[in-house]
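**Q** Listed below, chain by chain, are the residues.
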Amino acid sequence: MERSSLIWVALPLLAAASGFLGGYYARGPSTELVEAVETQSMQLSAFRKELSQLQSRQRVELAAFEAFKQIATSRPGPNDSSATAPQPAASAAAEPEPPSPESEEALERGRALIDEALRTGQWSEANVLALRPIVQELDAEQQHELLAELSRHINDSKLKLEGLGPPF
Amino acid sequence: MNRRAAVYAMGGGLTALAGLLLVTVSHAGKKTTQAVTVDAAQRYASGSLASARATADTTQYIGCLILSSGTISCQARNAAGTAASCSTTDAGFRAAAQSINGDSRILFNWDSSGNCTSLTVENYSLWAPKVP
Chain A
161 MERSSLIWVA LPLLAAASGF LGGYYARGPS TELVEAVETQ SMQLSAFRKE
211 LSQLQSRQRV ELAAFEAFKQ IATSRPGPND SSATAPQPAA SAAAEPEPPS
261 PESEEALERG RALIDEALRT GQWSEANVLA LRPIVQELDA EQQHELLAEL
311 SRHINDSKLK LEGLGPPF
Chain B
189 MNRRAAVYAM GGGLTALAGL LLVTVSHAGK KTTQAVTVDA AQRYASGSLA
239 SARATADTTQ YIGCLILSSG TISCQARNAA GTAASCSTTD AGFRAAAQSI
289 NGDSRILFNW DSSGNCTSLT VENYSLWAPK VP
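Residue numbers (this note's numbering), protein chains in the order written: chain A, 161 to 328; chain B, 189 to 320.
Read the hints as simulated data drawn from the structure, not as lab findings.
Glycine is no exception: its CB is placed at the ideal position from the N, C-alpha and C atoms.
There could be a bad hint or two in this list.
Unchecked claim - Ranges between beta-carbon positions, derived for each pair:
#1 B:278 <-> A:318: 46 to 52 Å
#2 A:209 <-> B:280: 55 to 61 Å
#3 A:260 <-> B:320: 38 to 44 Å
#4 A:257 <-> B:318: 39 to 45 Å
#5 B:308 <-> A:322: 39 to 45 Å
#6 A:280 <-> B:299: 24 to 30 Å
#7 B:313 <-> A:264: 45 to 51 Å
#8 B:254 <-> A:280: 26 to 32 Å
Only chain B is shown next, with the shape it has when bound in the complex (with noise of 0.2 Å):
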């Protein structure tokens, strides 16, 4: 290799260097996933939309609907099949579940009767987004 093709070979190494370094930096920033949890002892179902939905399997949920007359349901079913569920009419569950959107984490208790007893709407920029 002569002296000119070692200096190209050079500065292409670096330009490739620079842009690797470039891409590091523009996705910096602490990101994670969550799969759906569900723990049917504690009465607790966790889980991000967007890692749900991004799962590999065809199992994983986890949600809240809200029905025109103020009905809420959430539900969640993890990697293993289990499934969670509740319900209330409780407005301020309402206020916390038309807080979701694609990129939530959300956390939710139920009691023995199938009643919401809690719902945690987390909208960090740590969860992944969802995609289609």
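Bound conformation, chain A alone (with noise of 0.2 Å):
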């Protein structure tokens, strides 16, 4: 075949081409894609509806629990005489319970132990074994209260340690 007589049967078929192609562009979206598109959005919009009346519903609950919590925290016992006033129960539970009369007692006996000791300037042995059972008597923080007063007067020079080993 001659390239003049290919040139003619090429050209119809370019042609066809063309229009099939130019066609499908320019009819637009189907009316399919629309009513799907339409559909979705008004779902999204059920959807955001929903959520909203959740979220507000989420929070009235939280306020409720907020307010009986308070309620739960601040009442109070059977016999407590202070009904109106509130009770940190945290606060309460980390605070250590008050020296007894008797543990008092005992760390004046060992303030006096040490005062008697501080006018002759010297601790003695008999001094150690005098305190060693006021010391167990002791809560703990009593026991460190007398021994840093104790432990003062030793490195001020206050009192001279007459006994072979430590003082208590």
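Two chains, two frames, a set of hints: combine them into the complex.
**A** As structure tokens, this is what we get:
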């Protein structure tokens, strides 16, 4: 076949192809696609409305829970006469028990023992033996208070250790 | 001295030398002692428990006690008789005091009220072991 004949065959084919493509792009979106988009848009709106309702319900429930918690923590016990005073539960649990009258009395004996030794400036073996049972009667804070006081006088050289061993 | 006697003498000498070297090698490693130091101005005391015990005097001691309540007290006295003492209820001090053993070297500081402000426990190999 000659070259001129080939051109006359190809040209109609190209024209047909371009016409098909031009028509396809010129016709716009299909009705099915438009309907699908509209349906999804409506569903999205419905979801938004439902979510908003759930959020508002959650806020109401949270407020009710907070109010209930406040009432529960401030509620007085059956024998509590101070009904109007709110009780901070956490701080009450952290507070140490107050020292007993017996340990307070033992602490005073310990202080008196140190004061007596300060008059002579000597901390003798007898003082060591006298202090040990007193320390056993004290709670931890009182022990520390008494031993720190004795330590202060030893460190300031106001009490000289006479015994061979530690001061208590 | 005949030749045989000289050989025996030389052999004995070499054996003794080898034994001496062996003893020296078997005791190698950094070793030291530290007597009790009390610095009242700096509010600082230190010393090795074993060294304090091994001193010829009857004055030196150093250590800490832990009461069942959790109160801790550390004590020291140097060769001159200067004593130091402090007390605390701090849980961190308790853990440190519990790690003290007979071969430890300890260091502690105190404040003007007799409170312990620091406690260091060293359990290094260079500190001499406590002996009876």
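**Q** Which hints from the list above does the structure break, by number from lowest to highest?
**A** 1, 5
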